[in-house]
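Assemble the complex: chain A is given as a structure, and chain B must be docked to it using the hints.
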Amino acid sequence: MQLQGKAWKFGDNIDTDQIIPARYLNTSDPAELAKHCMEDADVGFAAAVNDGDLIVGGSNFGCGSSREHAPISIKSAGVSCVIAASFARIFYRNAFNIGLPILECAEAVAGITQGDAVAVDAGTGMIKNLTTGKDYQAKPIPPFMQEVIAAGGLIEHVKRKLG
Amino acid sequence: MGQTIIEKILSNKSGKNVTVGDIVVATVDYVMGQDGTSPLAINAYRAMEGKKLFDPARVALVIDHSSPSPLEAVSNLHTLMRSFARETGCKLYDVGEGVCHQLMLETGRIGPGSLVVGADSHTCTYGALNAFSTGVGSTDLAAALISGKMWFKVPETIKFVCNGKLPPGVYSKDLILFLIGQVTADGATYLSAEYTGEAIRAMSIEARFTVANMAIEMGAKAGLMEADEKTFDWVKRFGGSGFEAVAADADAVYARVLEYDVSALEPQLAKPHRVDNVAPLSELAGTPIHQAVIGTCTNGRLEDLRIAAEILKGRKVSPDVRFIIAPASREIYVQAMREGLLETLVLAGGAVVTPGCGPCVGTHNGVPSDGETVISTANRNFKGRMGNRNAEIYLGSPATVMASAITGKITDPREFL
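So the sequences go chain by chain: A and B. Heads up: the first sequence at position 29 corresponds to 29 in the working numbering, and the numbers run straight through without jumps. Heads up: the second sequence at position 295 corresponds to 295 in the working numbering, and the numbers run straight through without jumps.
These aren't lab readings, by the way, just hints derived from the structure by calculation. Check the hints yourself; a few may be wrong.
To be verified - Listed next, the in silico DSS-like pairs over lysine-lysine satisfying Cα-Cα at most 25 Å (straight line): (1) B:52 with A:161; (2) A:159 with B:52; (3) A:159 with B:149; (4) A:161 with B:153; (5) A:159 with B:153; (6) A:161 with B:149; (7) B:236 with B:91; (8) B:51 with A:161; (9) A:139 with B:153.
Source: prediction; values computed, not measured.
Bound-form chain A, shown alone:
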C-alpha cells in the first residue's frame, strides 16, 4: 500500500485524551470524531490536515485510555499513516484492528520535520522523506498483525474465521 502526504510532527507521549478528548466520546460517528482529531495537542490540526497527510509522533504515541475513537478519529480525519518512535500497546492493537496503518521507526521520526513530504510503503515498512531524499526502514509488522491487515481489519478477520 503506497501512501503519500505532508508530515505533521508531534512530540513524545501523545495520549489518547489529546488525540480525542473524552468530551467528544458522545458519538461513534467517524466524521464527527474527525472534527476534533488531535484537538488538545493542536487545536488547528483537524481543520488544516489534508487527505493522505501523515502524523509523525515521538515515543509512547497513543498512551492512556483504551478508546478506539482515537485511531478512528485519526483515520477519518484523512491521515494515511502514523509513524512514531514507539506506540502504547492498546493503541497499537486498536490501530491495526480498525485498519489504520502505523509504523515504528525512531530514525524516521528524527529525520522528518514538520511539513516534509513523506511517502510510505505500508507493506514493506519503507519510509521515504521526499523533501530530504532520505530512506528509512520501519520495524517489521508481526505476522499475526499482517493477517489482520490482509483481511482488512479485525472485523473482516473474525468474520472469515467464523465463516
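Relative to the frame of chain A, chain B by itself:
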C-alpha cells in the same frame, strides 16, 4: 526454565507451555465494557455478524463514565447498551452502581489465575487479585464477546521489589507514583509488571488495587501481585471460590528487577500534564488549588474515604476549594454512609456525586475553569483530562488531597496526623 506469573496464566489459558515472545490464543474468564467503549464494541459485534455471546454470565457492561447521562447523545448510547444487554442476556450495571473496575473486583468471579479483558485501560487493576487482566479496544472486545478468546503476545516481565515499611502518612498511591516517576510513562510498555516485597505484602488489598490500577501509567500490559490470605479473603467476601494462587517460579526470567526501600518515602505528586512527572510533595507545598477530588477506580474505596474523614474531622474545607467525593461503588457509598464518613465529609464542605468516573474523565461532575488547579486522587493528569485543556491537575493520595482541600494549597498530610 521457570515462568513468571503472566507466563503461567497464559500457559493455563492457552493449554500449552508458553514463553516470552510466543503468540497465543487464550480463553478469557470475564469480559467487560463501559459506556465510553461499549457502543463501538456493539457496532463491531454487529459488523462481525455476532449472533450470541460466548457466555452471557461472563460478560458485563457498565454505565459509569457519564453516569447519570449529562447529554442527549450519551443517553442514546446508554439505551443502546441496555437493549444489547437485554438481547444477549449479559449483566448491565446501570447508573449509580459504580466504577466498572470496582464492580468487577466485587463480582467474586475474578480471582487468582483469572484472565480478564476489559475495554478500559485500567482493567489492569485486578492484577492485585493475582489475575491477568488487561485493557483492550472495542473491536478486540467484540471479538472476545463472540469467541471467549483473545490473542496475546506473551510479554517479558519487569519486577518491582518494594522492601521496608511505608512511613505514617505515606500510602500505596505515593509508592506507585514514585515507581512511575522512576521508570517513566513508557518504562514498561509491552511488559507485564510484578509488584512484590515486604511493603506490598503489608498493604491492605484495597491499597494494592491502587498500585495495580496504575500499571498502565508506566505502559504495562498488566500489574500483577502474588496471592495471599488477603487476596482470598477479598474474593470470598463476594462469594468467589475455586481459585488457585499463581506464583512465579524462583528461576523465572525477568527483563528487569528493580529494588527499592520505601521506608524513607515522602508523599509524592504527579505534576501537570504527565503521570510520570513526579516530585516529592515538599517541592510543591503551598501551590494554590481550586478543586479537590477524592474518588475514581484508583482511590475511591472505603479505606480512602476513611483516611479522608479522619483528617477532615473537626475541620473545614477551605472556602476557596470545591471538594468533590465520588465513591467507587454503591457498596462503598452505603458503607461510608453507615460509618458516618459521608456526613463528616459533606458537613465540612464536600459534595458527593454519583458513584462513577465523571470528574476524572472530564465528561461532567466538576470540569475546572480556565487557569484553575485541581488536586485529585485519580490516575491521569493529561492536558484536558478533566474536560478543560487550560486547567492543571496534580495527582496524590487521598490524605494529600484532603489536607490540601483544608488549607487551599498543596499540603503535606502528615501535618494533620
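Are residue 159 of chain A and residue 153 of chain B close enough, with their CA atoms no more than 25 Å apart?
holds (22 Å)
Quickly compare the C-alpha distance for residue 139 of chain A and residue 153 of chain B to 25 Å and report which way the hint goes.
Holds, because 16 Å separates the two Cα atoms, which is no more than 25 Å.
Given the hint that residue 52 of chain B pairs with residue 161 of chain A, does the C-alpha gap stay at or below 25 Å?
holds (16 Å)
Has the given pair, residue 161 of chain A with residue 149 of chain B, been kept, meaning a C-alpha gap of at most 25 Å?
The given pair, whose Cα atoms are some 13 Å apart, holds under the 25 Å limit.
Below or equal to 25 Å on CA atoms is what counts here, so check residue 161 of chain A against residue 153 of chain B.
The hint holds at about 20 Å.
Given hint residue 161 of chain A paired with residue 51 of chain B - CA-CA distance at most 25 Å:
Roughly 14 Å separates the two Cα atoms, so the pair holds.
Taking 25 Å as the top limit, are the C-alpha atoms of residue 236 of chain B and residue 91 of chain B close enough?
Measuring from Cα to Cα gives roughly 21 Å; hence the hint holds.
Keeping to a limit of 25 Å between CA atoms, is the pair of residue 159 of chain A and residue 149 of chain B held or broken?
holds (15 Å)
What's the verdict on residue 159 of chain A and residue 52 of chain B, does the C-alpha distance respect the 25 Å limit or exceed it?
holds (14 Å)
In terms of the numbered hints stated before, the structure departs from none.
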